[in-house]
Amino acid sequence: MRFSGAIAVALLIAGTAFAAEIPQAERRSGYDFMKPDTRAMQDEDAANPGMLWVLDGEALWKRKLGAANKACADCHDDARTSMKGVAARYPAFDMALGRPVDLEQRINLCRTNHQQATPLPFEGRGLLALTAFVARQSQGTAIETGADPQLAPFIAKGRELYMQRQGQLNLGCTNCHDDNWDKRLAGSAITQAHPTGYPLYRLEWQSLGSLQRRLRACITGIRAQAYDYGAPELVELELYLMSRARGMPMEAPAVRP
Amino acid sequence: MASALINVPAKAKRGDIIEIKTLMSHIMETGYRHMASGEVVPRDIITSFTCRFNGAEIFRADLFPAIAANPFITFFTTATESGKFEFEWIGDQGFSETASASISVE
Amino acid sequence: MQQPPNSSRRQFLGLAGGAAVLGAIPIVTVRHAEATPAMLASAIQNVTGGAVVRTGKVKLDIPPLVENGNTVPMTVSVAHPMAPEDHVRSIHVFNEKNPQPNIANFHLGPHNGRAQVSTRIRLADSQKIVAIAKLSDGSFWSASVDVVVTLAACTEEVI
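Protein chains in written order, with this note's numbering: chain A, 13 to 269; chain B, 997 to 1102; chain C, 135 to 293.
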């Protein structure tokens, strides 16, 4: 009895180990997979196109707007202090909604609840600028998303979404990003898919874009129906990916091919 | 909306050759893309970038659709005296932006 | 979870890339107007006026295999003094297969100290890039580089 029990436990460990997260010591940022010229674009603020959005965000931070005629700065003061480390723990649990929200949603919640202004459209210049500006204040900070126990069921859901095969090509995120990273897909390096640099400037987009945009593009790429912007599935995926990247330093706004 | 990122050393010694880096926000629409309907997305690019120092032109670039979005342009200049760099971007649809940066040369 | 053997997975992923490109319905498409070697030659002619162009002095720094054709870092430099009586007047960069042959012209003078300019360019396909420098004495020098450009693995719908 004990013998078969031991085998059952061993098989269980083997089963879960295969689908386990990448060990901390082996986690590599997408930065590592890029060629030196592309890395140079990210390294210098004066050369990083993502910084154009950060500058816009800095201006928006101080702008009074909405029926309340308030600026972000009126409550949050200098973002360099108040926003330090914030992006490194997003998506975070929102008490009122009872579910996780990502940084973009948090900014829009502040806009509607505190500034009494209309929410900014996803992937619009304003929301990208503010998100980039806030995320930038966490540069170098280690990611600690998901520590809150209330997030556990949502992280599990996100992991499920990450593992499941879907679409015409019947691929799950894990098939490439856990099992085949560092190989190539049609000339592009397959990375480990750690969202350490979002929102980031993607050369393919020739624009800054959010993690949700990237996820939607990947899901479309495997010929599955992409979730709409702001969908709970996308937030759960973001949450899982960020918690899977715990310990890695933030590098927003990054540059990626 | 802030449009440009300029990197000019704040100080230099007379005779130093310094590098100036500029980054301007612009879509640089080539004019070769088409909508699904078949319509061409009209060209919308920056066509000219000029830098003047204390009023005199020190660098000029003619740009074509082959320049990537958010044009990044760097060039060199010799530090001769303290003064002001003025940058100007001109393009399609009446696009016109300027920026400036000062340098103190000893 | 069934693991297909390595070779069929590679094939599968290769097909995946192809299917993604064929099946995607982007809102904005690029119809490649074809540039020709003749267009490149005539664009060069416009600058040189038919004068002799010598190889040398000019250095074109472009990654031989680009990360993404939409944004390719490029540095062009000319190993030549920048003195009032002898300097580089201008640098002209051309391409072979984009819809049109010009990339940029850079106008310089002795005060630049160094004839070196960096920018980021778009390349539609694997092709040759040519840079021609015009010196103050009216002579022309050139360099060219062959660059390999691959498409991104999956095309995306626009936002």
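None of these hints come from the bench; they were simulated from the model. Since we're looking at a predicted model, the values are computed, not measured. Don't take every hint at face value.
To be verified - DSBU-like, lysine-lysine: derived pairs with alpha carbons at most 35 Å apart:
#: 1; chain 1: A; residue 1: Lys195; chain 2: C; residue 2: Lys231
#: 2; chain 1: C; residue 1: Lys191; chain 2: B; residue 2: Lys1007
#: 3; chain 1: C; residue 1: Lys231; chain 2: C; residue 2: Lys262
#: 4; chain 1: B; residue 1: Lys1007; chain 2: A; residue 2: Lys96
#: 5; chain 1: A; residue 1: Lys47; chain 2: A; residue 2: Lys76
#: 6; chain 1: A; residue 1: Lys195; chain 2: C; residue 2: Lys191
#: 7; chain 1: A; residue 1: Lys76; chain 2: B; residue 2: Lys1017
#: 8; chain 1: B; residue 1: Lys1080; chain 2: B; residue 2: Lys1009
#: 9; chain 1: B; residue 1: Lys1017; chain 2: B; residue 2: Lys1007
To be verified - Chain A is faced by these chain B residues, among others (derived, beta-carbon under 10 Å):
#: 10; residue: Leu1001
#: 11; residue: Gly1027
#: 12; residue: Met1031
Backbone N, C-alpha and C define an ideal beta-carbon position, used for all residues, glycine too.
Consistency of the hints with the structure:
1. A:Lys195 to C:Lys231: holds, 30 Å
2. C:Lys191 to B:Lys1007: holds, 31 Å
3. C:Lys231 to C:Lys262: This hinted pair holds, its Cα atoms lying about 8 Å apart.
4. B:Lys1007 to A:Lys96: Judged against 35 Å, a Cα distance of about 31 Å means the pair holds.
5. A:Lys47 to A:Lys76: violated, 42 Å
6. A:Lys195 to C:Lys191: violated, 39 Å
7. A:Lys76 to B:Lys1017: Satisfied, since the Cα-Cα distance of roughly 32 Å is no more than 35 Å.
8. B:Lys1080 to B:Lys1009: Given pair B:Lys1080, B:Lys1009 holds - Cα atoms ~15 Å apart, limit 35 Å.
9. B:Lys1017 to B:Lys1007: holds, 15 Å
10. Leu1001: Since chain A brings a Cβ to about 6 Å from B:Leu1001, closer than 10 Å, the hint holds.
11. Gly1027: B:Gly1027 check fails; min Cβ-Cβ to chain A is 15 Å, beyond 10 Å.
12. Met1031: violated, 18 Å
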